[in-house]
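Peer 1: Below, each chain spelled out in residue letters.
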Amino acid sequence: MASKTANPSTVPFADAPINASLTGEQKIDLLRTMVRIRRFEQTSLKYYHDGHIGGFLHLYIGQESVAVGSISLLGEHDHVITAYRDHGHALSVGMGMDECMAELFGKKTGCSKGKGGSMHYFAPDKNYWGGHGIVGGQTPLGAGLAFALKYKGLKGCCLCYLGDGAINQGAFHEALNLASLWDLPVVYIIENNGYSMGTSQARSSAFPKEGLAARAEGYNMAWAKIEGVSLYEIRAGVQEAVARAHNESKPTMLEIMTYRHKGHSVADANAEKYRTKEEIQRYMNEHDPIEFWKNVLIGEGVITEDDYKAINKEAGAEAEASAAFAIKSPYPDESEIFDDIYWEVDNHTEAGRTGRHFFHG
Amino acid sequence: MPREITYREALREGLDEEIARDENVCLMGEEVAQYNGAYKVTEGLWKKWGDKRIIDAPISEAGFIGMGIGASMLGIRPVMELMFYSFAYVAFDQMMNNAATCRYMSGGLINCPIVVRGPANGGTNVGATHSHTPENIFANMPGLKVVTPSNPYDAKGLIKSAIRDNDPVYFMESTVLYGMTGLVPSNDELEGGELIVPIGKAKVAREGSDLTLIAHGRAVVTSLAAAEILGAQHGISVEVVDLRSIRPLDEETIMESVRKTHRAIYVEENKPFCGVGAQISSMIMEQAFDDLDAPVLRITSADAPAFYSPPIEKLQLPNADEIVARALTIC
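Going down the list, the protein sequences come from chains A and B.
Count along the first sequence from 1, then add 376; that gives the number in my numbering.
Count along the second sequence from 1, then add 49; that gives the number in my numbering.
These are computed hints drawn from the structure, not numbers from a lab.
Values in this document were obtained by computation on a predicted structure and should not be read as measured data.
Cβ coordinates follow ideal geometry from the N, Cα and C atoms, glycine included.
Certain hints may be false.
Just so you have them, the derived chain B footprint on chain A, three or more residues with Cβ under 8 Å [as the list claims (entries may be wrong)]:
#, region
1, 395-406
2, 412-418
3, 425-433
4, 479-492
5, 563-576
6, 665-677
Computed cross-link-like contacts, DSS-like style, restricted to lysine-lysine with a CA-CA straight-line distance of at most 30 Å [unchecked claim]:
#, chain 1, residue 1, chain 2, residue 2
7, B, K97, A, K526
8, A, K502, B, K101
9, B, K309, A, K528
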């Protein structure tokens, strides 16, 4: 377990080339993105309890370093796809708080026009392909994005995230086989927070003592296990996998150890029953990636405590402003129910006008 | 001169032409490349186009179909073969959740221009697991298109339309029809130089005035045979409407025919409960009630899993004699 305070001279992986080249401003940006994710989600939780948000809300609090660290490595032809705990990845790829918050509120101004909700954020213009609700269902899609890159001869990769609960889905194993068999430039990132909903890893998964990612051995695929509290360690580990995808067109399976401070979703009534309060508190104290990174940057002299407070305050204000934006935004019109189902219908093509497409009423 | 070619050859020509037309079109599936296709639909295409365009997939339907869906989001247009459409059930989550709903849940930011094709029929003594007819199941899902060609001409024209379509098209063929021959014009005798059949346009396969048989897929062939008997032996003039696609649906052609003949029977090899005929007969009842002189009947497969024993399985599927007998009850 990483300590709460970090001494710059002893922070592991700080001198990895991918980290050594970071400017102070870039390091602050990474901190700002993590803080923005947290403030966004804390604000969303407040409005969820106030009844403004329906359905599920799977919070990423405690895991922010995974998305922020790995996505910070990506370039023009690199793509991202994840499961339903998707707010952190969305803000990391550059989606705005307004469109993300409005989506939670079910508003027309939401990133998916109010049609997807918390679990289904998308931004193809930012190479972000969701936001997928079925556990493991996104893993063949991630292989497909990588397939498309290879087919088109582009030097890029797909980071495909999944939780530790998804590793037992059949579709994931099929995707692993295809990725290795066809040398697809995909990086599967297992965000291991220890629990598939309320079932611990020990009660859900059979795996070698080296860890979940060691299952990759069976598919002749490279793998690594990474401690997830430090952006330095995440960036150093993921960079190796990205380089393998870019330079060799080979897949990798990474397991990043992390912890969710909250329940599986806000509706998880047993969040403090299948885990002890002591365990949760221990991780909050010792495995908070924001606290860790803040201390790294203070230790390096990149920021002061006051700078951090300013970043935090600014992010909180941005989150509150996004909630205000969501509240004042209109709900979708009833007429929009039949938009965005068929591309050909939406685009008024000959095919879209031929035959009856909808059968209600 | 139109040539007489098989349904299988017609499909292959359509695939070949689309691979040549668009570099993003590729075929993938089990045994489609080096083995030349389990039913030889793709025979010769791997030799002609090579590994990049014609891809042998492992037996892994959820994996490779999901992979194709993901690739289509970035502009690849994969045509994926299911050796049997029954295997769609192994890939159901990918086909129903990912292909059908990503567009909606992204507010229209994504589209999945995929084709999933393969034979969806019973009648070949392969038991229940290989004899499913899921056209009604997939047509139930908004966002999907379901196409069911009944003859070589349509097979070629519709597969080309399916590949060009920017939405997911589930293209259901029949192993029983693969060897069927029919007239298909060569490109040099066609205006525009190619054969395109639009999705969503039904065809009046035979004109008549006393009764309309509406059908899709191989049931069109059975209906045409029944129409011959009804005309020759009973003096009943039968019109046969071939839907060609179930979703989108050409309801105008159906209603126009029913308003002319005043009697309708839906014939399909699908199961009866919530089958395609249930939908169509409900629509006829709502839209053409006053034009009907008799209740709309439905002739389907027996409401049981496919029987292996060859002589018994034959009795499970609609045949011309059954159609004739049922027609005589309302004519």
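Peer 1: Can you take a look at whether the region 479-492 of chain A is actually covered by chain B? Rule is 3+ residues, C-beta closer than 8 Å.
Peer 2: Holds, because 7 residues of the region 479-492 of chain A bring their Cβ atoms closer than 8 Å to Cβ atoms of chain B.
Peer 1: Count residues of the region 395-406 of chain A with a Cβ under 8 Å from any Cβ of chain B, then say if the count reaches three.
Peer 2: violated (count 0)
Peer 1: Taking a Cβ-Cβ distance under 8 Å as contact, does the region 665-677 of chain A have three or more residues in contact with chain B?
Peer 2: violated (count 0)
Peer 1: Three residues minimum, CB to CB under 8 Å: does the region 563-576 of chain A make the cut for coverage by chain B? Let me know.
Peer 2: violated (count 0)
Peer 1: Count the residues of the region 412-418 of chain A whose Cβ falls closer than 8 Å to any Cβ of chain B, and tell me whether that reaches three.
Peer 2: violated (count 0)
Peer 1: For the pair we were handed, K502 (chain A) and K101 (chain B), check the Cα-Cα distance against 30 Å.
Peer 2: Answer holds: K502 (chain A) to K101 (chain B) is near 28 Å, not above 30 Å.
Peer 1: Has the given pair, K309 (chain B) with K528 (chain A), been kept, meaning a C-alpha gap of at most 30 Å?
Peer 2: Violated, at roughly 53 Å.
Peer 1: Given the hinted pair K97 (chain B) and K526 (chain A), is their Cα-Cα distance within 30 Å?
Peer 2: At roughly 21 Å apart (the allowed maximum being 30 Å), K526 (chain A) and K97 (chain B) satisfy the hint.
Peer 1: Check, residue by residue, whether the region 425-433 of chain A contains three or more positions whose beta-carbon lies closer than 8 Å to a beta-carbon of chain B, and give the verdict.
Peer 2: violated (count 0)
Checked against the numbered hints given earlier, this structure breaks hints 1, 2, 3, 5, 6, 9; the rest are met.
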